[in-house]
Amino acid sequence: MKNENTRNTIIFIVCSALIMGIYYFAVLRPQAERRAVQQQAQAEQSQTADNAARTALSPQGPTFVTDRSQALSTAARVPIQSGTLKGSLSLQGGRIDDLFLTDYREVQDKPQPVELFRPQGMQNAYFAQFGWTGPNVAGGVPGPNTVWRLTNGSTLTPTTPITLTWDNGQGLRFTRVMSVDDRYVFSVQDTVQN
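In terms of this note's numbering, the sequence shown opens at residue 1 and continues consecutively.
The hints are simulated quantities; they were obtained by calculation from the structure and are not laboratory data.
Keep in mind that the hints are not guaranteed to be accurate.
Unchecked claim - Derived Cβ-Cβ restraints for the label pairs, each shown as a range:
1) P111 with Y184: 36 to 44 Å
2) D109 with Q189: 19 to 27 Å
3) G139 with A26: 47 to 55 Å
4) P111 with V137: 46 to 54 Å
By construction, the Cβ of each residue, glycine as well, lies at the ideal position given by its N, Cα and C atoms.
Please construct the entire structure, taking both the sequences and the accompanying hints into account.
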């Protein structure tokens, strides 16, 4: 009886191992290969979309302009004035790219305020840009070279927000409302209508 139990146990172990091996090679391995192919395709698609978005959000324009006033004159601008901030935003791209802290100085002995943003076209340009991505939108979406139209307000202050609009010519109208509080916080609210 003892030999028969041992023989049955060995047969059970061998049969179980065979079934598990067949299941692995017939079911699990093909599933893993299909999953790997799908993940690779998704990664390539994501990379393509990321590259397209990066290209769409990359501003096009002159490399370097040495003079600030020359860089500021390349597009229409809206002044920004609050108790602690002074500067302007560009209607091209709707970006905040000219901003100073008025209550602080880079060097204590000099009246030069601290520069937060520097317009595109100047060396070491630094700005805040807000945008949309959408490769399959008829007429496109606003990007870094979109020229927005100022439809409400003339100066961005804590008490007077501004409204920018852009129509893509295919039935979509984009509206951007920008506001600033009496300290340093900007709010940007984008909406789209069709």
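key: Structure versus earlier hints, numbers of those that do not hold, lowest first   = 1 and 2
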